Amino acid sequence: MLFGSALAGAVFVLLALALRRRLGPTAWTLAGLLWTLVVIGMITLIPADGAPGVVPAATRLTTCSWDIGGPAPEGFWIFSGGQRLLNTVVFVPSGILLALIAVRWRSGWVTVPLGLGLLAAYSAGIEWTQLELARIDRACDVTDIIDNVTGAAIGVAIGLALAVVVRPWRSRR
Numbered sequence: 001m002l003f004g005s006a007l008a009g010a011v012f013v014l015l016a017l018a019l020r021r022r023l024g025p026t027a028w029t030l031a032g033l034l035w036t037l038v039v040i041g042m043i044t045l046i047p048a049d050g051a052p053g054v055v056p057a058a059t060r061l062t063t064c065s066w067d068i069g070g071p072a073p074e075g076f077w078i079f080s081g082g083q084r085l086l087n088t089v090v091f092v093p094s095g096i097l098l099a100l101i102a103v104r105w106r107s108g109w110v111t112v113p114l115g116l117g118l119l120a121a122y123s124a125g126i127e128w129t130q131l132e133l134a135r136i137d138r139a140c141d142v143t144d145i146i147d148n149v150t151g152a153a154i155g156v157a158i159g160l161a162l163a164v165v166v167r168p169w170r171s172r173r
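Residue 48 in the UniProt record's numbering sits at position 48 of the sequence shown, and the numbers go up by one each step.
The set of hints was computed from the structure by calculation and includes no laboratory data. A quick note: this is a predicted structure, and the numbers were derived from the prediction, not measured. You may find that some hints are simply not true.
[To be verified] Label pairs and their computed distance ranges (CB to CB):
1. E132 to L7: 45 to 51 Å
2. L162 to V13: 17 to 23 Å
3. G125 to L17: 27 to 33 Å
Virtual Cβ for every residue (Gly too), placed ideally from N, Cα, C.
Given the sequences, and given the hints that come with them, work out the whole structure.
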């Protein structure tokens, strides 16, 4: 996973270098956003315990878990720690970078919510993939989507606050 993250990082650095004349500093932000999405995909779709095992069709789950909050006895708490906290935190950088990219244009007031919706769809797509590919030893859980979207929303809020300071819409030459 570390090698894959480093390789993806190198690819997106090259992308940023190729786009920097056209987009300026936004090229680095865009490359960072794409890199975070690839890393999230690797974190969530690489088999949990090494090589995937064989999951017989009869024992494969057919639906996502709708047990909001999971098996934790304290119920639904966003920051209860462990996996729930990781699911939230992993989407924060994507939300920050999304906001910093989107506010650069006048259509940012439309683009930011649309991008947040796309991050939610990405999370749902990951969970659907985990459901369909039972061999990767991952479980589809609606709580993960809630945590991911919460992290993305927190990231967007941080990104909007940073945008006031960084002002990515101004040209720096």
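Verification of the supplied hints:
no. : hint                    : verdict
1   : E132 to L7: 45 to 51 Å  : 26 Å, violated
2   : L162 to V13: 17 to 23 Å : 22 Å, holds
3   : G125 to L17: 27 to 33 Å : 29 Å, holds
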